[in-house]
Every structure is written in structure tokens, then in C-alpha cells.
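Chemist: One-letter residues, chain by chain:
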Amino acid sequence: MRRHTFTRFAEALPAAVLAACSGPQSPLDAGSDEAAGIAILSWVMFAAAGLILVAVLALAAAAARAPAEQPRWATREGWVVAAGLVFPIVMLSALLAWGLSITGGGGGASSPPAAFRIAVAGEQWWWRVTYLGPDGSALFSTANELRLPIGQRVEVDLTSADVIHSFWVPGLAGKLDMIPGHVNTLPLVAGRAGTWRGQCAEYCGGAHALMAFTVTALPAPDFERWMAAQAAPAAEPDNAEGRRGRALFLASGCGACHAVRGTPASGTIGPDLTHVGGRPTIGAGLLPTQRGTLAAWIVDPGHLKPEVRMPPFPVFRGEDLRALAAWLESLR
Amino acid sequence: MAETDRRFFSGLLRIGAGPALWAAHLGLVYGVTAVACARGAGGVAAPTVVGLTLAAALGAGWIVGRELRRARAGPAGTRTSFFAAALAGLSLVAILWAGLPVVFVSACP
Amino acid sequence: MRRTLVILGLLVALGAVGALLFAWSGLYNVAASVPHWPPTRWLIEFGLENSVETHARGIEVPPLDDPALVHAGLGHYEGACQPCHGAPGQPPNPLVRRMLPEPPYLPGQELRWSPAQLFWIVRHGLKYTGMPAWVAEHRDDEIWAMVAALLRLPELDDAGYRRLLASGARMPAGESARLLAAVGPAGEALVACARCHGLTGAGGGAGAFPALAGQSREYLMASLKAYALGTRASGFMQPVAGALDDEQMGRLADHYAAMPTPPVRPAPNAATERGRAIAERGLPERGIPACVTCHGGNALARNRLFPRLDGQHAFYLAQQLRLFAVGTRGGTAFAELMQATTHGLDEAEIRAVAAYYAARGRPR
Amino acid sequence: MSRLPDPRPRPPEELEQLQEVWRQPGGWRLASAVNNTYVGVFYIGTALLFFVLAGILALLLRIQLAVPENDFLSQATYNQVFTMHGTMMMFLFAVPAVEAMGVYLLPNMQAARDLPFPRLSAYAFWAYAVGGLAFFCSLFFGLAPDGGWFMYPPLTSSEHSPGHNTDFWLLGIGFIEISAIAGAIEILVGVLRTRAPGMTLDKLPIYSWAMLVFAVMIVFGFPAVILGTALLEIERSFHWPFFIAEKGGDPLLWQHLFWFFGHPEVYIIFLPAAGFVSMILPTMCGTRLVAHRWVVLALVATGFIAFGVWVHHMFTTGLPKLSLSFFSAASMAVAVPSGIQVFAWIATIAKGRLRLTVPSLFVLGFLAIFTLGGLTGVMVAMVPFDGQTHDTFFVVAHFHYVLIGGMVFPLFAAFYYWAPTASRRALSERLGKWCFGLMFVGFNIAFFPQHVAGLMGMPRRVWTYPAELGWGWINMTSTVGAFILGLGALVFLIDLARNFRPFTGGNAGNVWNAGTLEWLPGGNYATRSIPIVTSLEPLWDQPDLAREVDEGRYYLPGAPTGRRETIVTSAIAAEPQYLMQMPGPGWPAVLAAWFTAAFFLLLTVKLVTPAMVCGVIALALVLRWMWDTDLGPAHPPVDIGGGIVLPVNCSGPMSHSWWAVVVLILVAGAVFASLLFSYFFLWTVSPDVWPAATGQALPGAEWPLAAAALLVLSSALVWWAGRRLEADGHWSVRLGLAAAAVALAAALAAELAGQRATGLSPTDSGYGAVVYMMAALQGLFVATLGIMALYTLARSLAGLLHRHRRATFDNTMLLWHYAVGQGLIALAVVHFGPRVL
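Residue numbers (this note's numbering), protein chains in the order written: chain W, 1 to 332; chain Y, 1 to 109; chain S, 1 to 364; chain E, 1 to 837.
Check the hints yourself; a few may be wrong.
[Unchecked claim] Computed footprint of chain Y on chain E; a stretch qualifies when at least three of its residues, placed anywhere within it, have a C-beta under 8 Å from a C-beta of chain Y:
no.: 1; region: 208 to 217
no.: 2; region: 325 to 333
[To be verified] Away from chain Y, derived, C-beta distances all over 10 Å, residues of chain W:
no.: 3; residue: Ala97
no.: 4; residue: Ala114
no.: 5; residue: Asn239
[Unchecked claim] Under 8 Å between C-beta atoms, here's a sample of chain E residues computed to sit facing chain W:
no.: 6; residue: Val67
no.: 7; residue: Asn70
no.: 8; residue: Thr77
no.: 9; residue: Leu252
no.: 10; residue: Trp294
no.: 11; residue: Gly318
no.: 12; residue: Thr371
no.: 13; residue: Leu619
no.: 14; residue: Leu623
Note that these hints are calculated values from the structure, not bench results. By construction, the Cβ of each residue, glycine as well, lies at the ideal position given by its N, Cα and C atoms.
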């Protein structure tokens with residue numbers, strides 16, 4: 001039975017690993033040179049590990065089924081030294097050198113200068129994203145999404161507002177922690193158009209599981225358009241429902257935590273909602289941005305995302321709630 | 001201290017010499033890099049690491065040689081010599097590995 | 001040995017049956033007019049004393065020297081306790097004297113209990129004595145105010161008691177009669193309100209009683225309803241608000257909403273700078289938003305359910321912030337907002353914000 | 001020595017007396033037993049209980065993750081449960097289990113009657129059992145910690161975790177620190193000093209080697225976490241900002257301290273398990289271990305290199321890439337010794353004929369699982385690969401392969417293998433095969449898919465995940481596997497219930513035909529007589545040995561002093577040096593543990609006064625227990641047979657208690673070294689809160705100079721008292737000790753006064769906190785030595801201290817000189833540091 005399991009195990013290995021090749025959050029589904037380099041390293045290591053495992057198990061099986069007379073190799077210390085000492089040292093030396101060359105490749109002097117910088121702060125439990133101008137001043141602030149121009153090197157400054165978080169977009173790069181008191185910088189270069197999911201990778205309390213974001217790579221012209229739109233203030237509502245929604249937003253204290261540029265709402269505690277309708281998700285990757293999800297979120301965010309810092313607003317009902325959600329959805 | 005205890009501690013020192021050298025090397029290269037990068041003196045790190053690695057590797061190699069000679073010299077304490085030489089040999093590999101990154105990786109971001 | 005046990009058991013059973021028969025016969029006289037048999041009285045007293053002592057052990061007494069506490073406690077005393085326990089200058093009520101046990105007449109008496117024991121008694125009441133438990137059991141702050149008042153009571157004479165009770169500015173008798181008449185059928189209720197908040201809603205009592213003048217009708221109405229329903233817990237206010245019907249509430253709210261708003265003037269006091277900073281900018285790094293977003297002039301114009309804070313008494317503001325911060329303060333549908341936004345404020349910050357708003361103008 | 005075995009008949013009453021002396025109490029008094037065979041079994045049983053409890057928690061976690069967007073457990077509950085699962089498995093199961101096996105096995109394997117400090121074992125066990133159960137119960141009150149098993153601040157700071165939950169974690173860890181250190185001292189001195197005569201280091205069973213390395217690793221690894229937890233609790237309680245970035249602390253300091261313990265911890269768990277394997281395989285193959293010396297070398301090398309890999313848990317924290325690469329290299333190096341062991345085992349299998357018994361199956365299962373775990377370990381040691389897989393289910397899979405494969409499977413092999421030494425019946429081969437099959441299959445179904453989940457991007461410690469990421473089927477598979485694994489463990493429990501019968505005074509005997517001494521026949525007293533050891537597998541090389549030992553033909557065939565006793569031997573050559581008298585059953589150590597547990601528990605829930613009462617009672621009980629030690633030459637020298645006459649008990653550097661104090665000093669030194677590291681670390685990260693930047697005044701030179709002078713004076717007084725003790729000058733000794741204690745306290749007072757005079761407060765900044773922490777650590781020594789001085793004085797006044805009975809004084813003196821040395825270094829660092837840096 002044991003041998004049978006081993007065999008199946010060995011057969012299952014490559015198939016199962018192949019399946020992992022896909023998925024919006026798989027590091028093996030590479031969208032950048034860096035992620036691709038790591039993916040190649042991974043595949044080579046998987047293959048080598050598979051071979052070594054099979055060899056060791058085969059050897060153990062052969063040893064256990066050895067004929068009555070002792071195989072001569074077994075009794076010699078030299079053999080143990082060769083297989084257990086010399087072989088690993090040779091293999092590991094090669095692997096170490098290769099791994100180090102990948103480690104060193106990312107941040108050397110050869111890489112192009114960054115096109116621009118983005119400051120990302122991890123907060124319990126969402127991502128505050130601020131695009132910075134050449135002088136380091138904030139251009140605009142958004143939440144839970146990054147957009148990048150294809151092929152340009154962007155540097156992301158990672159900080160934390162409370163506890164340790166970790167910024168991880170598997171499709172583009174390895175993770176880097178966000179630690180209070182530290183600024184860590186992660187260079188990102190998206191190699192092709194696409195959208196990748198990222199998620200907090202360091203346990204950060206309560207709703208750690210519900211702290212995701214998206215990164216979208218756009219062709220340069222599209223990206224420029226997006227930047228310009230983001231920098232603009234919120235559009236004036238063009239219908240009665242929208243105006244009612246905005247009035248409710250401003251009258252109910254929402255502006256204490258949220259900013260909507262172009263209105264008196266200028267809170268900085270929660271996400272900037274100036275263009276919330278244009279973001280793919282609300283609640284840090286929790287739900288798609290739609291009128292219905294916005295309404296559900298406003299009434300009782302803690303039900304959707306336990307321990308969330310936003311208080312519930314059961315005061316909004318019926319028409320009021322619809323108007324508020326409609327206005328927020330219109331902020332594209 | 002009894003004679004037998006003295007032998008115990010001298011043996012301990014011989015066996016521990018290689019790994020101690022490795023530990024000191026690792027601690028030093030890590031400390032030098034950490035302080036150099038924190039104080040914006042990244043240029044100092046790489047040459048220091050190279051120097052430390054060469055010195056530590058020479059030290060470990062010397063221990064290996066000395067213990068092997070001792071082992072050949074006589075049967076008494078062969079076991080101690082074996083352990084001391086083998087651990088120093090392994091430490092030598094570990095020291096060289098720890099020094100290897102300087103070739104590939106720049107000191108500070 | 002075994003026989004002894006059997007006999008003992010039989011005796012116990014016999015005693016129990018006998019007691020049951022006695023109760024059933026109705027021979028025992030439960031009349032309040034007949035005093036307890038002395039041994040019974042001794043046993044009851046002994047049990048009560050020790051029960052209070054045991055249960056009050058481990059209660060930590062907070063500082064009780066804030067004059068506002070005495071005001072708040074006496075205000076309630078006059079309304080709720082005085083009928084049984086008497087007030088300085090008023091002889092014990094003959095009706096009460098016929099209660100068994102007779103409620104102790106408190107004015108001028110040496111205090112029998114320690115502050116911690118008083119706290120426990122006021123909070124939990126006493127079985128078989130007619131002493132009720134506190135209506136809002138978790139409002140420790142109110143109960144301590146009662147204790148502060150009770151500690152003060154023995155040394156008060158009639159005039160001193162009246163002086164501590166009176167709050168707000170004195171007004172000519174004609175003026176108060178006019179006000180009472182204006183409220184119409186709610187006049188009697190207004191007297192109860194006015195005992196603490198004053199006829200013009202200026203509040204006072206060293207800050208124990210919030211100013212009601214100039215708050216919106218909607219806010220006053222919502223607050224009275226919250227008290228009446230118990231969603232805003234208060235041993236002081238629940239008994240008063242619970243006695244009102246919607247019509248009376250409406251008239252009272254109209255009355256106080258119509259009282260003139262005090263002029264708002266900028267606070268020049270440097271000591272309130274920290275409070276101003278929190279009020280105007282919040283502490284965003286700790287998730288505490290600016291007060292002005294909801295309690296500032298424009299915001300109030302947009303939402304009439306938010307109270308105005310300018311000129312409100314500091315003691316009251318601080319007390320409410322503390323209650324919000326620990327999550328026990330209810331109120332309107334927006335109360336949860338305040339719980340979320342005050343969570344994490346420390347005592348110094350609470351005092352700073354309260355002082356800042358109190359200094360921004362004061363009702364006359 | 002040549003006259004053994006002694007053919008002469010033994011006196012008939014000798015065996016009876018031996019049995020009488022070693023008789024165990026019955027009924028409820030069983031709890032007062034201190035003998036290793038009893039405490040060891042209690043200890044193993046308790047560890048197993050925690051394994052089952054933490055395993056049940058794991059099943060709850062797996063149910064929750066089985067399908068996407070599940071709501072079987074709430075977010076808050078899940079976070080508590082995974083924290084408890086990790087914490088309990090690591091701290092309440094793994095370390096205690098291997099330590100317990102050591103307590104149980106080592107004396108028997110070395111043919112000693114017991115470990116050198118039986119009551120210390122009992123104390124360690126009871127503190128662990130009571131504290132651990134209380135810790136577990138916090139789950140039922142919603143008070144369980146929820147910060148993950150490595151409790152990173154600032155998530156666990158008082159700001160972000162204001163409740164008692166984190167304090168309960170620190171409490172639980174406090175217990176395991178106590179019991180691990182106590183166990184390490186016990187095991188280290190036990191392996192080195194209580195061996196059968198002739199059992200030189202090259203004839204030492206490989207398991208003893210593993211436990212020796214294990215104990216040394218605890219001595220150097222645990223201090224970092226002891227200091228870390230102390231700093232965190234001090235920060236939480238008194239707001240000394242060690243980990244608060246705004247005040248010049250650094251959250252990364254915790255990570256360094258935690259992982260400097262945390263990674264060696266993995267090997268602390270694995271090495272004893274490797275020791276099991278190296279003992280079991282030769283027996284099952286009927287041959288000696290191939291490349292024995294290389295395996296010993298591998299154990300020692302692993303013990304060293306394990307201390308150089310801690311930063312590989314911090315590859316994603318943004319440290320300079322060059323720094324990371326050093327540790328990547330070290331992590332590769334630690335794989336090499338494991339390779340040696342794996343091939344030595346395979347060679348052993350090839351050399352002999354493997355009997356496919358249950359222990360063999362578990363060993364083979366271990367070999368397969370551990371090899372894969374080791375290979376993925378090499379992968380995550382690569383910095384770029386770790387960037388993608390760190391904190392994902394790939395790592396979860398990796399460490400379960402290493403820990404379950406590397407520790408649980410060998411432990412089960414060990415249970416099946418050694419159960420016959422404790423029980424009248426061996427465990428069932430039939431049930432055991434079912435147990436192995438279910439566990440092996442279940443394990444791989446449960447954990448192999450988790451590699452894939454990690455590679456699909458699933459982070460660890462998530463209580464839920466969206467369906468569209470496609471992780472559902474993997475998690476469902478994993479959950480099914482977890483239940484199969486659980487079923488395997490259940491079969492084991494059934495087997496235990498049916499067959500395991502300990503404490504009956506008999507055992508099943510040498511059922512596997514093993515070659516080492518734990519298979520000698522015997523009773524509570526271990527073996528009737530203590531043999532001379534001439535080879536690694538004496539039972540194979542001397543066919544009559546078992547019979548001769550049991551007939552009392554070797555050393556110490558009775559209880560000549562009328563008390564429990566064992567032979568203390570020299571560290572290398574295992575030459576008999578003296579006869580140690582040992583304690584029998586007793587309550588002080590047991591009750592001291594209970595009150596220690598009560599002390600910590602009450603302190604955690606901030607009931608300070610009752611806590612202090614319990615603390616004082618615990619201390620009194622410890623002193624009561626100590627009072628019976630340091631017996632002096634209570635009996636004239638004893639002929640133990642073979643022409644050897646040994647003195648009874650001993651003082652000075654040869655004494656086992658002296659060695660224990662030396663080990664304790666190593667622990668203390670490692671704690672102090674961790675604090676020095678913290679000092680310099682905080683300087684590198686936040687020089688802006690140091691005096692050079694803030695202009696904070698430093699104490700004038702007169703303060704540290706006065707403190708240093710007082711320290712030296714204190715040491716000199718103790719040294720002088722020691723000289724006077726030699727001449728039995730009792731009043732000089734008493735005065736000298738008292739004056740030394742005053743000088744030691746005055747030195748601390750001078751240092752504190754100097755710092756306070758500058759206006760520095762520990763709550764100001766990371767600098768202030770670490771400066772006062774140096775004084776606080778010194779304060780701990782002042783308090784401890786004060787109590788020890790008083791205790792020594794009391795013994796002197798009671799006439800229990802004189803020149804032939806002075807171990808109490810010697811041990812106090814040893815610790816005293818250490819404390820003075822530490823104090824001098826601390827003064828130099830605290831006062832030169834800011835002037836130089």
C-alpha cells in the first residue's frame with residue numbers, strides 16, 4: 001500500500017502543480033519580467049525537487065527490499081558522505097548562485113529610473129493609494145486599486161498606518177511588508193495589459209482575509225486619460241436623485257471620514273470617494289462596485305466585513321438609500 | 001576543576017571553533033551591512049564583507065588542516081579531531097556561501 | 001447513630017410542615033401597622049447590613065468632588081427621593097412614616113453607609129423595603145452623582161439645599177408664569193424639566209444639566225423619545241420622559257427650541273487650543289474625525305438631528321463623550337456614529353474638546 | 001573494574017530495600033511522585049492531550065475553509081482558533097512532548113536511576129500542565145489570543161489589542177519558557193553527568209546526543225523569546241516603547257528576537273525526533289547505524305547552524321537584499337546535515353533487514369514526508385521564491401511537512417517502539433498499521449494540495465476566500481485529508497486505551513530485541529544494578545548482561561545509604577565520581593508549580609494582590625524544597641561494587657548542582673546578550689531618539705563609577721566570605737554575604753539615581769526604555785541574589801553550612817560573580833554607548 005501511494009503521489013505532483021499555473025492571484029501567472037523570472041526558478045526547483053524526492057524514495061524502497069546479502073555500497077560511510085554531503089553541497093551551491101543572481105537582478109544600477117511614484121499605505125483593512133507628482137506632492141488619492149502604464153517602471157512606497165501589512169500582487173512581484181516606522185520601496189513594471197488581484201499577506205488582525213486590491217496595467221494613452229480623470233474633482237450630479245444623494249451624504253456626517261473633491265466633504269479617515277464609482281471593487285476587493293452593493297455596504301458594512309471601522313447607517317432607508325448609492329455609483 | 005573536566009572543556013572548544021568562526025562571520029557581515037545601509041554608507045559594506053569572508057575562510061581552513069594533522073598524528077583524541085575538522089569544513093562551506101552574495105547583490109537598495 | 005439521624009430528619013420535616021401550616025392558616029399578621037417582633041427585626045437588620053457590606057466590597061470610589069455631581073444628584077433627589085426620604089426644611093411626610101420599614105429621613109442625619117455601600121444600595125435597591133433599583137443599571141456616572149449628593153445632604157440646611165437645586169438664572173415670577181402659560185397643557189411637565197434645565201433651557205448646575213435652548217425641535221424630540229423608550233439609558237431622565245405623551249413632548253420641544261440661541265463667539269482661550277484642533281481637524285491618524293463635520297454651523301443646517309455643541313456645558317459634554325467612547329450612550333439613529341468616532345479618545349482629549357465647545361458662547 | 005560481574009550471591013534483603021526506597025505513593029498521592037518514569041509518563045500524556053485539543057482546533061479551521069465564503073466560524077473565532085492551534089502545537093505540544101520523552105527515556109537509556117533533579121522535572125511538568133490548561137480554557141471565554149502564533153507587534157500592542165487576550169498568550173509562553181529551561185538544565189546535566197560507568201561520549205546512545213544538542217539549543221534559543229515576551233508585556237503594561245515606531249522603538253525588534261528563538265525551535269523539535277529514528281531503525285533492521293559519527297556530527301552541526309537562519313522568516317520585511325542573501329546562504333547550509341542523516345538511515349536500512357513493524361512504518365513515512373518538507377524548505381530559502389510564497393499556504397504546507405513529518409511521525413514511531421518499556425502490554429501492531437495508514441494517507445491528502453493553494457495565491461490566516469479565485473476544490477480536498485489524519489490519531493487513542501497499562505510495576509520487556517540499556521529489566525529504580533558499558537549496543541554485545549544486571553552483579557545493586565541514589569560520572573570518560581542522594585515523592589515542588597501557575601494566571605487578569613500572595617507561597621515552597629538539598633557528606637563513602645568506593649554527595653565544581661548553575665548562567669548570559677542586541681538594534685534603526693540627536697543629558701561619570709565600584713566590592717566580599725567559609729568562620733561568612741547584598745543593591749540604586757537625575761524616563765522613547773531595561777534585568781538579579789543570600793544565611797544559622805557542605809554557598813557565589821560581571825558590562829554599554837555611538 002505504501003509503495004502504491006508513493007507512486008500515485010509522484011504522478012499527482014506535476015499535474016497538480018500545473019493546475020496552479022492559472023488564477024488571478026497566482027505568482028506563476030506572471031505579468032512582469034520579475035514574476036516570470038521567479039516563475040522559471042520555481043518550475044526548475046519543482047522539477048529538481050520532484051526528481052530528488054523520487055530518487056530518495058526509490059533508494060529507500062530498494063534498500064528495504066534488499067536481498068539477503070548486504071549490498072556493498074550500503075555499509076560504507078563514504079557513500080553516505082557522497083550522497084548526503086557532497087551532492088547537496090554541489091547542488092545547493094549552483095542553486096544559491098542562480099537565486100542570488102535573480103535577487104541581485106531586480107534593484108541594480110542597470111534598471112531604468114522610475115517614471116513616477118505611488119504611495120500605498122496599509123490600514124486596517126484597506127489600501128490608501130496616493131499618486132505622487134515629480135516633486136513628491138500628492139496628485140490624488142484613491143483606494144484599493146492601482147493602475148499602471150505598461151512597460152514603465154513605477155516605484156511604490158509602502159507604509160503602514162497601524163499594524164504590519166504586506167503588499168502582494170503575485171502576478172507582478174513578490175510581496176513586501178508595510179511596517180510602521182519604515183518605508184519600503186517596491187519597483188513594479190507591468191509587462192502586458194491585464195488586471196491582477198493583490199491581497200494583504202501579513203496577518204493584520206480582524207478582517208485580514210478581506211483586504212484585497214486590484215492592479216490594472218493600461219497602454220500609455222489610456223493611462224494618461226485615467227490620470228487626468230482621477231485628478232479632476234467629482235462631477236456635478238445631473239439628476240434630482242443624484243443631487244438628493246449628495247445632499248444626504250453631506251448632511252449625514254459621511255464627510256467626517258470621506259473626502260469627495262469638489263464638495264465640502266474632506267475627511268481623511270476613510271477612503272477618498274471622489275471617483276469611487278469607477279473603481280472595480282468596494283470594501284477592499286470585497287464586492288463589485290454597483291448601486292446595490294454600495295447600498296448594502298452603507299447600511300451595515302460590519303455585516304459584510306466584520307470589525308470594519310465604518311459605522312453602520314441604518315438611518316438610510318428606501319428612497320434615501322437608493323439616492324445615496326446612485327450618487328456614489330455615478331462618481332466615476 | 002578535575003582533569004577529566006578540563007579535557008571536556010578543551011574538547012568542546014576545539015569542536016566549537018569552526019562553527020564559532022562561522023557564527024562570528026555571519027554576525028559581522030550582517031551587522032556591517034545593516035549599519036552601513038542604515039547610515040547611508042553602503043559603499044563600505046561590500047569590501048568589508050569580502051575581507052571578512054576571506055579571513056574567516058582562511059581561519060576555518062586552518063582549523064581543518066590542523067585537526068587533520070592531529071588526527072594523523074595519533075589515535076588519542078581522534079574522535080575530537082574528526083568532529084573539529086568536519087565541523088570546521090562544513091563551516092568553511094557555510095562561510096563561502098555567506099560571502100557569495102557580494103558577487104551578485106548590491107549592498108543597499 | 002442511625003437512629004439519631006432518623007429522629008433529626010423527622011424533626012426537620014415536622015418543622016417544615018408546621019411552618020407551612022402556620023402560613024396557610026393566615027394567623028401571621030402582615031399589617032404594616034404592627035411592628036416586627038424584635039428578634040425578627042434584629043435578624044432582618046443584621047442580614048441587610050452584612051449583605052450590603054459584603055456586596056459593596058471591592059467597589060472603587062471615583063473622585064466625587066466635582067460640584068456638578070452634587071447638582072445632578074440633588075436634582076434627581078428632589079424629584080425622586082425626597083418624597084420618601086425628605087428634604088431639608090421639610091418634616092417627614094406622615095404617609096411615609098406609616099411604611100414598614102420606615103424609609104430613613106436623610107437630611108441632617110449622620111451617614112450610616114460608606115460611599116461604596118451607598119453606591120451599591122442606590123444601584124441595586126433593597127428587597128422588602130420599597131427602595132427601588134436604579135432604572136439605568138449601567139449608568140454608574142449617575143449613581144455616583146447620587147452618592148455625591150447623599151454625602152453632601154447631611155450638612156445642608158433649607159437654604160443651602162434650595163440654592164444647590166436652583167439652576168439657570170432666576171427670573172421674575174411674572175415671566176415664569178408667562179412661560180408656563182405658553183406651554184399650555186405641558187406646563188406641569190415643564191416644571192419637571194425646569195427643575196434642572198431651567199425654564200429657558202439654559203441648564204447649569206455647574207454643567208450637570210445640559211442647555212436645551214437653541215437645539216432643534218427634531219433633536220429634542222428624538223432625545224425625549226429615546227429616553228422614554230430606554231434606548232438612551234438614564235436613571236435621571238427615563239422616569240421623567242416616560243411620563244410624557246407625544247403631544248407633551250412636542251410642546252416641550254417647541255418651547256425649548258424656540259428659546260433664544262446664545263451668541264457664538266470665538267474662543268480666545270489658549271487652553272482650549274487642543275480642543276479646537278480636535279474639533280476642527282479630528283485625529284485622523286487614530287480614526288477620529290473632526291467634530292465640525294457634523295456639529296459645525298453648515299452641517300447643522302443640513303441635518304437637524306445633530307445637536308449643537310457651542311456653549312454647551314463642559315461637564316455634560318465630557319460625560320456624554322465618555323459614555324459614547326465606551327459604547328453605552330444611545331440616542332438618535334446616529335448614536336452609533338458617535339460610538340465609532342469617539343472610540344479611542346482619552347480623558348485629556350475628552351476634556352479638551354468639552355472645554356473648547358463650552359467656551360464657544362454660553363446661553364444667558 | 002575487571003571484577004565485575006560479581007559472581008557472589010547478593011544479600012537477600014537488598015532487593016527488598018531497593019524496592020522499598022523507590023516505592024511510589026499510591027492513590028491521589030501519585031501526584032506527588034517525582035521519579036522520571038512517573039513524571040515522564042504524566043508529561044507525555046499531557047502533551048498528547050494538547051496535541052488532541054489543538055488537532056480538534058485544526059479540524060474546526062479545516063471545516064471553515066472547506067468551501068469558499070463559509071460561515072461555520074466567525075472571523076473573530078477563526079482568528080482565535082488559528083492562533084491557539086499554532087501556539088498550542090508549538091509550545092504546549094511539540095517542545096513539551098520531546099522534552100517529556102527525554103525525561104522518560106534518558107535515565108533508562110543511560111542506566112541511571114533518575115535524572116539529577118527529579119523535583120525540578122516535577123515542577124516543570126506541573127507548571128506546564130496547569131498553566132497550559134488554563135491557557136487553553138481562555139478559548140471558552142473569548143479571551144484566547146488572536147494575533148497569530150508569532151504575535152507581531154504592533155498588532156499585539158496595547159493600542160491594537162487592548163484586551164487580556166494577548167496577555168494570555170504571553171502567560172502561556174511564560175510557562176513553556178519555565179518548563180523548557182528547567183527541562184534543558186535537567187537534560188543537559190543528566191546526559192553529561194548521570195551515565196552508566198564506561199559510557200564514554202563515543203558510546204553514548206545517539207538519542208542522548210540529540211537531547212544534548214536539544215538542551216544546548218534551548219539554553220541559547222529560548223532566552224531571546226524570554227526577553228522578547230518580557231519586553232512586550234512591559235510595553236503593554238507600563239508603556240515602555242520597545243516596539244512603537246513613533247517613539248523610537250521598532251516592530252522588527254520583536255521579529256528578530258522571536259525568530260532568533262523561533263527558527264532554532266524547529267530544530268529543537270526535530271533533533272530529538274531524528275534521535276528517535278536513529279535509535280529505532282537499527283533495532284528494526286537488526287544492525288548498527290551506518291556512519292554513526294557522521295550522524296552525531298550532523299546533529300551537532302544542525303544545532304549550530306540553526307542559529308544562523310532566523311532572518312529567513314523576515315525576507316519580506318525590506319531589509320537590504322545583501323543581508324537577506326547571507327541568511328539565504330545559511331539556510332542552504334542547514335539543509336546539508338539533514339542530507340547526511342537521511343542517507344545514513346537509508347544505508348542502515350540497506351545494511352540490515354527491515355522488519356515492517358509499526359515503528360518502521362512511521363519511520364518510513366517520516367522519511368518520505370520529511371524529505372519533501374526539506375526540499376520545499378530549500379525552495380523558500382531562496383529570496384525571490386520566498387517573496388512569492390512567504391505567508392501563503394505553500395509555507396503552511398512546507399512547515400506541516402517538516403513538523404508533522406519531521407516530528408509527529410517519529411514521535412508516533414517512538415510511542416509504538418518504547419511503549420513496552422512503560423506498559424505491561426505492547427501496543428497493537430494491527431491497530432498501529434491502521435493508525436499509520438490513515439495518518440500517512442490523510443496527511444498527504446491534507447497538506448500536499450496546500451502547496452498548490454499557495455501557488456494559486458492563497459495567503460495563510462484567512463478565514464474566508466471568494467469563490468472566483470478557484471481555491472475551493474483544493475481546500476475541500478485538504479479538509480477531507482485532515483479528517484482522515486484525525487481518524488488515524490483516533491485509532492491511536494483507541495489503541496492506547498485498549499493496551500497501554502503504565503504504573504503497574506512491570507513492563508512488556510525487550511519485545512523488539514533492541515540493543516540499548518532502556519530495555520534492561522527493572523522497576524521504579526530503573527535497573528537493579530548499573531552495568532559497565534563497553535559498546536553502543538550493550539545488549540547485543542553482552543548476551544548475559546540483562547540477566548546479570550537484574551541479579552545485581554554490577555554497580556550499586558541496592559540502596560546502601562538507605563535513600564534514593566544514583567552514580568554521578570565524569571562528563572567525557574564516564575568515570576564514577578560520587579554517589580548522589582536523591583529525593584523521593586514530595587509535595588513542595590508540585591505545590592510550588594501550582595502556586596506559580598496561580599501567580600501568573602492571577603497576574604494576567606490583573607488581580608495583583610492574590611497573585612502576590614500566590615507568588616510568595618510559591619517562593620516559600622521552592623525554598624522549602626531547596627532546604628532538603630545540599631546534603632553534604634551525609635553518609636560515609638560507599639562501596640558500590642567492583643572495588644570502587646565513592647563519596648556520598650559533593651560540593652564544588654565537580655558537583656552536579658554546580659554544573660546546573662553554570663547552565664543557568666549560560667541562559668542568563670544569553671538573555672543579557674539578547675538585551676545588548678536590542679540596545680544596538682534600536683540604535684541602528686532610530687538614532688534620532690538617542691542622546692546624540694536629542695541632546696538628552698547623560699548621567700555624570702560619578703554615578704556609573706560609584707556603581708561599578710560597589711559591584712566590584714560586592715564580588716570581593718562574596719569571594720572573601722568563601723575564603724572564610726573554608727576556615728568555618730561562620731560570622732565572617734554571614735557578615736560578608738549581608739554586606740555584599742547591600743553593595744549589590746546600592747550599585748543598582750546608584751545607576752537608577754544617575755539616570756533619574758537626568759530626567760530620563762523609560763516611557764520617553766526606545767532609548768529610555770532599553771536603558772531602564774538594563775537596570776530592570778540587573779534588578780531581577782539583585783532580587784534573586786538577595787533571596788539566595790538570605791536563604792544561605794538561614795542555612796548558616798541553622799548549622800547547615802560549613803566547609804564540607806557548601807554547595808548552597810558555592811552556587812550563590814557563582815551566580816553572584818556572574819551578576820556582577822553582567823552589571824559591569826551593562827554599565828559600560830549604557831554609559832559609553834551613547835558617548836561613542
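Chemist: State for each hint whether it applies.
Modeler: How the hints compare with the structure:
For the region 208 to 217 of chain E, the assignment as covered by chain Y is violated, since 0 residues bring a beta-carbon within under 8 Å of that chain's beta-carbons and 3 are needed. Only when three residues or more bring their CB closer than 8 Å to a CB of chain Y does the claim for the region 325 to 333 of chain E stand; here the count is 8, and the claim holds. Not every CB of chain Y lies more than 10 Å from the CB of Ala97 of chain W, the least distance being 7 Å, so the non-interface label is violated. At roughly 12 Å from the closest C-beta of chain Y, the C-beta of Ala114 of chain W stays outside 10 Å, upholding its exclusion from the interface.
Chain Y leaves Asn239 of chain W outside its interface by the beta-carbon criterion, the shortest separation being 51 Å against a cut-off of 10 Å. Look at Val67 of chain E: its Cβ only gets to about 14 Å from chain W, farther than 8 Å, so that hint breaks. Given hint, Asn70 of chain E at the interface with chain W, is violated; its Cβ is 11 Å from that chain's nearest Cβ, farther than 8 Å. Interface restraint check: Thr77 of chain E against chain W, minimum CB-CB distance 10 Å, threshold 8 Å, status violated.
Interface restraint check for Leu252 of chain E: the shortest CB-CB distance to chain W comes to about 7 Å, inside 8 Å, so the restraint holds. For Trp294 of chain E, the shortest C-beta to C-beta distance to chain W is roughly 6 Å, which falls under 8 Å, so the interface hint holds. Annotation: Gly318 of chain E was flagged as interfacial toward chain W, and the flag holds, the nearest CB pair being 3 Å apart, inside 8 Å. A hinted interface residue such as Thr371 of chain E counts as satisfied when its beta carbon comes closer than 8 Å to some beta carbon of chain W; here the least separation is about 5 Å, so the hint holds.
Taking 8 Å as the C-beta contact cut-off toward chain W, the hint placing Leu619 of chain E at the interface is violated, the least distance being around 38 Å. Interface hint at Leu623 of chain E: violated, since its Cβ lies 44 Å from the closest Cβ of chain W, which is beyond the 8 Å cut-off.
Taken one by one, the earlier hints fail for this structure at numbers 1, 3, 6, 7, 8, 13, 14, listed in ascending order.
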